Amino acid sequence: MSLDAYFSDSKTPASVAAVVIARHPQEVGGALDAIERQVYEPQAVFVVGGGSAAAEIAAASGAEWVPTVAEVADRAATATYLWLLHDEARPRPDALSALVVESYRVDASIAGSKLLDRAAPDRLLSVGLATDVFEVPYSGIDDDELDQHQYEVVRDVAVVYGASMLVRRDLLKGLAGLDRKLAPEASAIDLCQRARLRGARVVVVPSSEVLYPARLGRRTVPWDEEAGRIRAMIKVYGVLTLLWTLPLAFATMLLEAVAAPFVGRWTLFNTARAWAWNLLYLPSTFAARRRARRARVVGDEELFRYQVRGSARLRAVGTEIGDRIRERFPEGTAAGLGGIVEAGQSTLRSPGFVAALVALLFVVIATRNIWGGTLPAVGYTLPPSESAAATLRAYGGGWNVAGLGSPAPLHPAVGLIALVQFVLFDRAELTAAVLTVLALGAGVVGMARLLRSWKFGPLPAYVGGVVLVAGPAAQALGGRTEWTALLALGALPWVLRVALRRWPSSWRGRIGRIAAVAWLTAIAAAGLPLLLVVPLAALRVWAVLGEGLRWPAVLQAGAGAVLAVPLLFPWFGVIGLREYLEGGTPAYWEVWWPAAVLVLVAAGAGLVAGDRLLSGVAGWGALLGTAGVALARTATYDLGRDVAAGGMVLAALGTAAVVAAAFEAGGRMELSKPWRRPAALAGVLAGLAITVSVLVPAVGGRGGLPGDVYGEALRFTAAQVDDPHNSRALVVGPAEALPGDSRMLEGAAYRVVSAPLPRLWEARLAEPRLGDRELESTLRKIVEGEIARAGEALAPFGIRWIVIIDSSPFEAVLGGQLDLIPLPSLARPVFLSEVDDAVRAQAADGTVWEWVAPDYRGPLGGNARVFVAENADQRWDATGWEQANWANELDADGRVISFATQSGFRREAQLAGGLLILYLLLAVWGTGRKSR
Amino acid sequence: MRRIAWIVLVTATAVGAFVLPEPESVGQPDFSAIIRPDVPAATGVWHCPLAEATFEKDTVLLVGAAEATSARFSFPNPVPGEESEEARLPVGGPGAAQLLVSDVALRGDAPAFIELNTQLGAGFSITAGAGDLTGDRCLGALQKAWYLPGGSTPEGRSVVLRLFNPFPETAIVTVLATSEFGDEPLPELQGLVVADRSWRDVEFESSLKFRDALGFVITQQEGQVLPAMVLVEDQDRATWPAVPLSSTWEFPVVRIGGLEPVLAVMNPAGTPATVTIDLLTVEGLVGDVRTVTVDGGTPMMIPLGDLTDGSMGIAVRAEAAVAAAVISSGSGGVAATVGAAEPARRWLIPGSIGDADDVASIWLMNSGPRDLTASLRPLGNPDAPLEKVSLPAGTVRQFFAADGAEGYLVETVEPISVAWSIQSPANNTAAFVAGVPAE
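First to last, the sequence lines map onto chains F and V.
Every position in the first sequence, counted from 1, becomes a number in this note's numbering once 209 is added.
Every position in the second sequence, counted from 1, becomes a number in this note's numbering once 1126 is added.
Keep in mind that the hints were calculated from the coordinates and are not lab data.
Computed from a prediction, not measured in an experiment: that's the story for all the values here.
Misleading hints may appear alongside valid ones.
Below, in silico cross-link-like pairs of lysine to aspartate or glutamate (DMTMM-like), each with a Cα-Cα straight-line distance of 20 Å or less [said to hold, decoys possible]:
id : chain 1 : residue 1 : chain 2 : residue 2
1  : F       : K382      : F       : D283
2  : V       : K1270     : F       : E993
3  : V       : K1270     : F       : E1020
4  : V       : K1270     : V       : D1156
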């Protein structure tokens, strides 16, 4: 309908107040001019925001300046509509008339214009938007799609961009205007959703054309837009919808963070910042939510009406990856040998992209069995527990379920992994997969960025990254089943990278920097506490003999280490230094010396052939590597498992630096003096040989970890009894083959684990307590022939099965026991106790109490005396507790028997969790633009 | 300059890393060595394959212990799904306890095992009734291979091999029979299955008839069995358990009444072994009274009746590890026993059991060079006095068990060997029982 036709229908012309949203004062004048040219003349023109500069321009143009849109709604009391226009928008002269006419015609409350590229007006930017359920907009048009008037129909949409939006004034007033805390795009989404919640109709009017900068189509969404979308969700959706949309939104953002680097985008920090912002402003969001939903006339189902299925975010990433691949291999170029060569040459034009893509692809391939299935259960690599909440409760002063139990605090890695699991919908397998892939990916990228900061080319940098997570030292780490140390390895280069960055000039930046270093150090140290000091040591070495800005990094690493310590509580508060350093299997790494020689050759090449910086990196890497190897071989000084792991981490870091330096020196060979070229060539060859070794973990597909043992060895327990959780298994074999820590009897290793599969929180045994000593005594009697009914003797410990991993001296004495049945047809020797009540907890009347870790649950209304086969501790329920030999006996006056939380440890754990969030928030806050 | 500093530092650290020594490897212990297979009393479980209880016959299971303990008697029921019969008795320290099998499992054959909470204990099984008197010590530690010498199947005599599996796992064993003709290839003895918590009797009535010397080697492929031999002659029986191999054996009792003893020796090695026998009587030791060569794989019966008329003991020395048993038969019935692989300072032995007319004797043998005095502490009767018995070097002494003493703890300062016998003049039967070292 034309304007003439509209007036000829003798309808009363609507009065419109134009409102220019000023964000770029220099653009305000242009917007006002465009309004001036409108054939449908607004009754008033306002300029909102933009400060004094915008106010001056407004005054010069006869427009009125006001601070907020809500105020406009009050001042333009006679206007029917407000036309909200971004200052960068340039509406065509008939844009407003089209909006007014069509809005009247279809009785819409909000109408948006068609947006065209200001630089190329025939290019379409937007014709209204759908969103997905996470409020991520989806335009439905292709990049570079030309406007051929193919969308010339007024239609209902979920959202229209705020670049040009006609809103009924009374509605806007009722909605209290735009949410000033939100970025422009999110603000428009929020407004439209709140309007629709009140039954308003939102339409796009394609005949209203507005030119706008093409920034709309940008790929990387600023963090404040992301934050706004989350806030918009929280404000409009019902509780039930939020219960599933919020976790899913987080998961999709995490997935995007994993996938986006393939297309050159880094969204992880934006994601973290967006969620952190929402945490910070949660009270304000709740208040806004109350207002938004108070006068709602429709439910969530109406909001779903114009939403696309699935995740628009992931769809966009997928499209981008596809586009990238198509860009690299344009149609036809890959056909034939010549085509392949051509395509290869084309690809090499962007080596950084290819190096990153290949490196991350390597991580995906090298971990395929983990993300494709489950984490292998072998040695210290055990899957997270089945319940994150239970683990967190145990971490915060609850019962440590390892072995026969203990009130001792759990290892920090357990707490951190449980936190992640909590966020990932309590999915243990998903958590293990996400953490492994993320850690290895982070290690690759972090190392590459660290090396890039030393002017390394992308190819050597990413090769260094891959060698860090899959080179000989990382393989040794994996071979020792040090999964949490491998996770820590992913954070280590980031600590160095962040600490080595230029010291910020503002206090905000400095605080953010220290918080970032502390946060990263804590993440690394949670996996392997020795890494509290490793970054400091590495940077100290660099400071003494390295190049460039160095000493501030040492101070930052030192401060970070100190600030990270509270995050390791309560574990840190009870572990003795000596106990920690000497604990576990002796530190002795049987190095494959040819590999060590290759690393030294590569290091020598880097030292000789490189410039001052390059030789410094090569020397630094070589020193870290050799020191790491030395540290990992210190069994003669009684040092133990974590020292070995720390040494291997150091060696991995050093090897990565050395290999990268060798490749970098090789790359600069043409620029080197002739006498240095043979050295550079030797370095490249040595580096190549080391790099080839990363194929070993890639072939295995488990990130360098060995194959599963306990999952297969204990699977039979699930078929043996109704609920295998209610009994334990005694596992015997070589110490290095048993799950986590083990105890020794005359040099023979054994340990008690939960069935059907020991979990990560069982990996580390606490100091032996009464029950552990009693078990040792019982085993000794079995071994010495004093006991011929091992099943009966072990039943009070809840032990139903004895599983022999590899071989064990115990096997010789188990065959002659009168009540142990060898189970046939299993891959390993397994003995089943004939004793029926070999359970962890049982009432006096014989009722079995189920183990729902870390608690016990009995029948409804069960009041009985219950024997609980955990190490004696009077905090196992207060009612009628008595020590029964080494265990507990108590009155069950309810359905659940649980361990009373130790308040001191709980407070420490809460403090650690709080600091973890605080450091992250400070780090995010400190990296803002204003901080630089 | 910095390059040189790096090189020096890296070289020094690399050398340091290279020279750091490997920790000393601590090998895995051998728990099977802790259970000493040749010393039965090193275990707390005693397996008695030949217990039985009918209306005519009954077995007494006797437990002796050098320290206070409790005895748990279990009688596995071969009927699938049926629970074992059980009984428990306290045992003083030192003390003894007896259990009549008929009180618990009156169902014919009732092999049993006795669990003690001490290694310083012993289990014995003595069966009497219907003209039969037999018994021996029960079996303690487990063996991968067991040896049973002493069988023979002339007219009027038969042997039965009992394989007792008290464990919850089915056992598969192979029995190799040897006689004076060498190996006796019997396919039915290959892969014999003995069900869990059950037993199996193997008879040789038809397959190995008219053999003067029979020996058996029982090897276990899966599971464990405890073998024992039953030799039937007229109404009387002799029973003895399987033994491991040893190069020395001592038999404090080989003859009582009108029995004529024979030493059965079995040499499983591939080469012949010279076996020398010393004779010990109340007068003293006569060395090397017999020197025979026992071919490998061929059991041999060495008659001992002509050595002396009265009571005697023998000490056997062999060039190789052999299995040995004594079988005595004659007008006084038939009796058999296994020996002691080595002398000891402390022994457990039954005391006065059976009918009042029966004569229970303890036989003490000192094969060493010193004169000794053995103290015999009666078990199960606190009123019975401690007895002292002089035991000159190279002699054997008979001591009659006091009434009410269920067992004896025999102690000396130097190692000796001890055995026990019972004779029933009324039934003209006898039985020998080997002592059990309690060290």
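Hints, verified against the model:
| no. | hint | in the structure |
| --- | --- | --- |
| 1 | K382(F) / D283(F) | 8 Å, holds |
| 2 | K1270(V) / E993(F) | 18 Å, holds |
| 3 | K1270(V) / E1020(F) | 14 Å, holds |
| 4 | K1270(V) / D1156(V) | 16 Å, holds |
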